[in-house]
Structure formats: structure tokens, C-alpha cells
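**Student:** Line order of the protein sequences matches chains A and B.
Read in order, the letters of the first sequence correspond to residues 2 to 221 in the working numbering.
Read in order, the letters of the second sequence correspond to residues 2 to 221 in the working numbering.
None of these hints come from the bench; they were simulated from the model.
Please note that a few of the clues may not be correct.
Copies of one chain are not kept apart here, so a pair can be met inside one copy or by any two copies together.
As the list claims (entries may be wrong) - Think about it this way: if two alpha-carbon atoms lie no more than 16 Å apart in a straight line, the pair counts; the simulated EDC-like pairs of lysine to aspartate or glutamate are:
#1 K62 x D170
#2 K192 x D176
#3 K32 x D176
#4 K203 x D176
#5 K78 x D149
#6 K32 x E112
#7 K81 x E55
#8 K32 x D178
#9 K60 x D85
#10 K192 x D178
#11 K78 x E156
#12 K215 x E22
#13 K62 x E112
Note that this is a predicted model, so its numbers are computed, not measured.
These are the residues of each chain, in order.
There are 2 protein chains.
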Amino acid sequence: MAVKTLNVNEDILGANDMLAENLRGRFEASKVFVMNLMSSPGAGKTSVILKIIEALSGKHKIGVIEGDIASDVDARKIQKTNVDVVQINTRGACHLDANMILSATDSLGLEGKQLLIIENVGNLVCPANYDLGEALKVVVASPTEGDDKPLKYPEMFRNAAVLIVNKIDLLPYLDCDIEALKYNARQINPKLIIFETSCTTKAGIAEWCNWIIKQLPTVE
Amino acid sequence: MAVKTLNVNEDILGANDMLAENLRGRFEASKVFVMNLMSSPGAGKTSVILKIIEALSGKHKIGVIEGDIASDVDARKIQKTNVDVVQINTRGACHLDANMILSATDSLGLEGKQLLIIENVGNLVCPANYDLGEALKVVVASPTEGDDKPLKYPEMFRNAAVLIVNKIDLLPYLDCDIEALKYNARQINPKLIIFETSCTTKAGIAEWCNWIIKQLPTVE
Numbered sequence: 002m003a004v005k006t007l008n009v010n011e012d013i014l015g016a017n018d019m020l021a022e023n024l025r026g027r028f029e030a031s032k033v034f035v036m037n038l039m040s041s042p043g044a045g046k047t048s049v050i051l052k053i054i055e056a057l058s059g060k061h062k063i064g065v066i067e068g069d070i071a072s073d074v075d076a077r078k079i080q081k082t083n084v085d086v087v088q089i090n091t092r093g094a095c096h097l098d099a100n101m102i103l104s105a106t107d108s109l110g111l112e113g114k115q116l117l118i119i120e121n122v123g124n125l126v127c128p129a130n131y132d133l134g135e136a137l138k139v140v141v142a143s144p145t146e147g148d149d150k151p152l153k154y155p156e157m158f159r160n161a162a163v164l165i166v167n168k169i170d171l172l173p174y175l176d177c178d179i180e181a182l183k184y185n186a187r188q189i190n191p192k193l194i195i196f197e198t199s200c201t202t203k204a205g206i207a208e209w210c211n212w213i214i215k216q217l218p219t220v221e
Numbered sequence: 002m003a004v005k006t007l008n009v010n011e012d013i014l015g016a017n018d019m020l021a022e023n024l025r026g027r028f029e030a031s032k033v034f035v036m037n038l039m040s041s042p043g044a045g046k047t048s049v050i051l052k053i054i055e056a057l058s059g060k061h062k063i064g065v066i067e068g069d070i071a072s073d074v075d076a077r078k079i080q081k082t083n084v085d086v087v088q089i090n091t092r093g094a095c096h097l098d099a100n101m102i103l104s105a106t107d108s109l110g111l112e113g114k115q116l117l118i119i120e121n122v123g124n125l126v127c128p129a130n131y132d133l134g135e136a137l138k139v140v141v142a143s144p145t146e147g148d149d150k151p152l153k154y155p156e157m158f159r160n161a162a163v164l165i166v167n168k169i170d171l172l173p174y175l176d177c178d179i180e181a182l183k184y185n186a187r188q189i190n191p192k193l194i195i196f197e198t199s200c201t202t203k204a205g206i207a208e209w210c211n212w213i214i215k216q217l218p219t220v221e
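Bound conformation, chain A alone (with noise of 0.2 Å):
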């Protein structure tokens, strides 16, 4: 009998990549815009989707999935808001994956929503390489972390298609570039859609909710 020799890594990933389509077609067929929030830890991925819960709430049913490796500390501040999180505790793995999503959205609910934001475990490696279904990859990239982080962590700015350039009010006190920040992003991913944002001044926020109400589906 011949050896057969197991790539584990790409097995892990295929069968993700199956399920990760299932999912796809769940969300498409229940008219909800499902968006992948990504970024290192602290660039403020919580915030931002405050941002979008305040801006689109009011006219709009949103879901939310919280992922963190330990603590509900993000979907607590979900919960304030009143819309409905599910926390995902990964005990100890990196990243979240389709699987995790599929539990998550059954205890979620999908009916009547329009948008579900899943907000990945903090980490600019490992979350890239795991699709969840999502019909939007978003970075989210704080200036404080320097502008060439797209140089070294060029695989998450490869696969997202919106780069989120958040706590641009701390720019005056950064040893940072953003012209040099969103250059090498666009050396990475000339496609990439870009946003500057700031949680604290609201700087950039409507313009970046207004571009997502135009990507929801319509409901009849």
C-alpha cells in the first residue's frame, strides 16, 4: 500500500473552505451582508462597530459575533446597545473559523437581519487565511502600530478588500506616515477601498456607514 502523506495544514483550510461556502450561501440566500472584522489587537475594532450600530441601528436589524481567545469584555459593550452578540471564546486558538460561525449564527439567529458583523480574534496573521463566509473582508489598521505593518503582515492586506485607517486623531503624536501607511497597502492590494476613521472625533464615520448601507441587500 503506498504512503499517503497528510498536509495537515491544507486539509484544515479545505474543509474550512467547504463549510466556509456553505455559510456563504446561508447568508445569501437570508439577504444578510456579512462583514469580517480584522486587525491587531487595540486598533479598535469594538469601537468602529459601535460606530456602526449607532449610525445604522435605528433603521437596520444587525447581529453581531464577538471572538476573543478568553473574556465577553467586547460583547458586553455589544449587549449596552441592545442589538444581538454572541460571544465565541476560542479558548487559546488564533483565529476564528467557519465552524465557529455556523454554532454562532445558530444561537444568533439570521431572520430579519440585514447585516451580521463578526468581529475576529485580534491577531494580523492567522484570521487572513480562514474564510467565514463573509462577503467583506475589512483590516482594521491603527497609525500608533506604524506604517509599514502592510510589508510585514502582507497576506491580511492582500485578502481584505476595506482598509479601515482608525485613531487618526492620535496622528499628531505619532512618529507615523499615513500616506506611507496606505501606499504600502496599496502596494499589496491596489484594490484595497480605504477609510480613516476616528472613534473619538467621529472623523470618517459617516462616509464609511453610508458605503455600507449601499452594500445591504434591499429588502422586499
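With chain A fixed as given, assemble chain B onto it according to the hints.
**Tutor:** Structure of chain B alone, referenced to chain A:
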């Protein structure tokens, strides 16, 4: 024949731990103190290393191993100081492992060096689980990331012996309670030795560098 269940993660970590012990023996025999710096992307690991070089390289021979998924941005910064540096590109892997350190130290050479600084891939998750044979694990946290990170990434703060709270010059502009950050970190790991630094104002750098000097093996 009984079916053998392969627990891939355990086996990979087990093999890494064995090689890391071998490295630890080499480092001790060579009288080189090895520290592994870990953090989120952009918390300031490279800047902290540059400050250590500035303070110590006159009297102590230093080597640096730079870990990144892609690019040699950081190694080029170190090279300007005339300290020996090797760049590891992990080509997608989210952490350094003992095997990479073995190759890098072969290339770098340990002879005559008293301090070897390893800058891990910017990631607050996966590097925590990979022993590199180091004598000291250091986690660098930036208050720009908020004060809740120890609760969300407990493994990193549990495994580190030293926490550097860097970029403290930015505190006036941030919604981050540094006392809460330190409290949360000590809830996870009561033995953590904590330094507060700013590579911009040089606050706390002398204290941290003097502490490092005390850890260095004495050379006859």
C-alpha cells in the same frame, strides 16, 4: 493493528519543546542571556531593542534575531547600529519556533556575545506557546491597545516574566487606564515584573536596561 490517533498540535509542540531545551543548554554553556520579545504588531519591540542597543552595546556584545512574516524592515534598522543581526522570514507562519532559532544562531554565531535578543512575529497569541530556549520571555504592551488586553490574551501575559508598558508618552491622548492595565496583567500573572517606558521621551529606559545588565552572565 490498533488505530493510532495523531494529535498534531501536541506532537509539534512536543518536538519544539525538546529542541528548545537543547538550545537552552547551548545558550547557558555559551554564557549568552537570551530574551524573547513578543507583542502585538506595532507595540514598539524594535524601538525597545534599539534603546537596549544604545544603552548596552558599548560594554556588552549583543546579537539580534528579527522575526517577521515578510520584509527586512526591522533588520535594516538594527544593522545601522553595527550590531550583528539575522532576519528570519517565516513566510506565513505566525510565530518563531526553536528550529528557526537554531538556524539563525548558527548563522549569527554566539561566541563572545552576552546578550541575544529575539524579536518575535508581532502576534499576541501564537508565539506564547513556542519555547525558543530563551532565558526570559518579555511581553511589550502599548497603552494604545487599551487596558483589557491581558484579559483577552491571557496565555501571553501568563507565560511572560516581564511586561514592558511602552509608549507611555501617549497616555494623555488615550482612553487607557495604565493602572487597570497593570492590575489586569497581575490578575493573570502575579509575578510579572513591570517596566513603564517611552522610546520617544526615554522615560523608564535606564531602569529597564539596568535590570537587563543585572541578568547578564558574568564573563571571566
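**Student:** First find the shortest C-alpha distance between K32 and D178 inside one copy, then the shortest across copies, and answer within, between, both or neither for a cut-off of 16 Å.
**Tutor:** Neither, since 39 Å and 41 Å both go past 16 Å.
**Student:** Checking K192 and D178: alpha-carbon separation at most 16 Å within a copy, between copies, both or neither?
**Tutor:** neither (20 Å within a copy, 38 Å between copies)
**Student:** Within a copy, between copies, both or neither: which one fits K32 and D176 at a CA-CA cutoff of 16 Å?
**Tutor:** Answer is neither; intra-copy 43 Å and inter-copy 37 Å both fail.
**Student:** How do K32 and E112 come out at 16 Å by Cα distance, when the copy is not named: within, between, both, or neither?
**Tutor:** Result: close within a single copy only, 9 Å intra versus 64 Å inter.
**Student:** Cα distance capped at 16 Å. Does K60 pair with D85 within a copy, between copies, both, or neither?
**Tutor:** For K60 and D85, only the intra-copy Cα distance (15 Å) is at most 16 Å; the inter-copy one is 59 Å.
**Student:** Given identical chains, is K215 near E22, meaning Cα to Cα at most 16 Å, within a copy, between copies, both, or neither?
**Tutor:** For K215 and E22, neither the intra-copy (23 Å) nor the inter-copy (56 Å) Cα distance is at most 16 Å.
**Student:** Could you figure out if K81 and E55 sit no more than 16 Å apart (CA to CA) within one copy, between two copies, both or neither?
**Tutor:** within (12 Å within a copy, 48 Å between copies)
**Student:** Can you give me the call for K203 and D176, within, between, both or neither, at a CA distance of at most 16 Å?
**Tutor:** Classified as between: cross-chain Cα gap 15 Å, same-chain 22 Å, threshold 16 Å.
**Student:** Is it within, between, both or neither when you check K78 against E156 at 16 Å Cα-Cα?
**Tutor:** The answer is neither: 30 Å in one copy and 23 Å across copies each exceed 16 Å.
**Student:** Could you place K62 and E112 in one of the four classes (within, between, both, neither) given a Cα distance threshold of 16 Å?
**Tutor:** within (10 Å within a copy, 64 Å between copies)
**Student:** Quick one: K192 to D176, C-alpha cut-off 16 Å, is that within a copy, between copies, both, or neither?
**Tutor:** Cα proximity of K192 and D176: none, with 26 Å in one copy and 33 Å across.
**Student:** What label fits K62 with D170 when the C-alpha limit is 16 Å: within, between, both, or neither?
**Tutor:** Neither. Shortest intra-copy (30 Å) and inter-copy (41 Å) distances fail the 16 Å Cα cut-off.
In this structure, the earlier hints numbered 1, 2, 3, 8, 10, 11, 12 are contradicted, and the remaining ones agree with it.
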